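Undergrad: Read off the chains here:
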Amino acid sequence: TGPQAGKTRAVGIVGIERKIEEKRKETDKNISEAFEDLSKLMVKAKEMVEVSKSIANKIKDKQGDITEDETIRFKSYLLSMGIANPVTRETHGSGTHYHMQLAKQLGDMLQAPLEERGGMMALTEVYCLVNRARGMELLSPEDLLNACKMFESLKLPLRLRVFDSGVMVVQLQSHSEEEMIASALDNVSEKGSLTAEEFAKLLGLSVLLSKERLLLAEKMGHLCRDDSVEGLRFYPNLF
Amino acid sequence: MSFEWPWQYNFPPFFTLQPNVDTRQKQLAAWCSLALSYCRHHKLYTLDVMEAQESPMFNNKKIERKLSMEAIQVVFEELRKKGNLEWLDKNKSRCLVMWRRPEEW
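These protein sequence lines map, in sequence, to chains A and B.
Each residue of the first sequence is one higher than the one before, starting from 1 at the first, in this note's numbering.
Each residue of the second sequence is one higher than the one before, starting from 1 at the first, in this note's numbering.
By construction, these hints were calculated from the structure, which means they are not laboratory data.
There could be a bad hint or two in this list.
To be verified - Lysine-lysine pairs mimicking DSSO-like chemistry, simulated, CA-CA at most 30 Å apart: (1) B:Lys43 / B:Lys90; (2) B:Lys81 / A:Lys219; (3) A:Lys191 / B:Lys62; (4) B:Lys61 / A:Lys191; (5) A:Lys201 / B:Lys90; (6) A:Lys191 / B:Lys66; (7) B:Lys26 / A:Lys219; (8) B:Lys82 / A:Lys219; (9) B:Lys90 / A:Lys219; (10) B:Lys26 / A:Lys191.
As the structure is a computational prediction, the values presented were derived from the model and not from experiment.
Between the sequences and the hints, there should be enough to build the whole structure, so can you do that?
TA: Written out as structure tokens, the structure reads:
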């Protein structure tokens, strides 16, 4: 095994130092290259943002209430750059094509799990379910929300619903609210009074949703509350 | 003769101010009539807000419920609006309770 040709043979401490120096130079080069490329990329992206802004202004000039193909394509451009900006573009193409397709897919996918859970699921629960099933190409929370917002306009059998507390749920359209409230009242009357946790156990629901049901029934005047150190209990409204 | 409590007095939600507007109105009406009849029965003319919270009127020991300070203020304010109550000082800590309104006398 002879010495490698063309390379200074590393001997002793000087050799080690030289080796370290070489390695350092190489990583230096790699790092600076990476950053250079990155800044070049940023410049390009900046241009894209500027161009898209000017296009947005042009669309604004020609106000239209029909969803034209052009604006739809524009939306998906914005989306691919990660600058989806619905605030100024809401009048030009309601949502994106991508979200529309996603909404349809969700409609098929959620039907069975919703029926299993009594017709209602919290949005976070849906998020878990969908992303766990996907494994790859996961959804961002924003994508899911945007897709859910389109259920109604696509005439899908699902609805996105926002409770007064800000909790968002997806429910089946066939899901009847009056029935839900009536059954809540029945359950509470039967037991005398219930907390959200007890109600959740009784129905096999999540605590979050059972609380929303009780609050809804309270809002409609069927229940009233007893707030004490023992917890928040709901009673039939005898007043 | 002992004082006869209304049925609401043993109903725990009576001691929590209800968020539902309709329900709250009924609740306050019941509180007002309870407060007036309690004062009439015990011949009370003035009330101290702090003492009132500890008195049986706002404190049901049997079901371990007590009306909160804010709720008592709301009840008193409701009574004042109806003309059955007048504050004796600016801090609203003592008040004069009138079983009948001045114009009824």
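Undergrad: A separate judgement is required for each hint: does it hold in the structure or not?
TA: Cross-check of the supplied hints:
1. B:Lys43 / B:Lys90: holds, 24 Å
2. B:Lys81 / A:Lys219: holds, 26 Å
3. A:Lys191 / B:Lys62: With Cα atoms ~21 Å apart, Lys191 (chain A) and Lys62 (chain B) stay inside 30 Å; holds.
4. B:Lys61 / A:Lys191: holds, 23 Å
5. A:Lys201 / B:Lys90: violated, 50 Å
6. A:Lys191 / B:Lys66: Distance ~23 Å between Lys191 (chain A) and Lys66 (chain B) Cα, so the pair holds.
7. B:Lys26 / A:Lys219: holds, 15 Å
8. B:Lys82 / A:Lys219: Given that 30 Å is the threshold and the Cα spacing comes to 27 Å, the pair holds.
9. B:Lys90 / A:Lys219: violated, 36 Å
10. B:Lys26 / A:Lys191: Cα-Cα ~24 Å, so holds.
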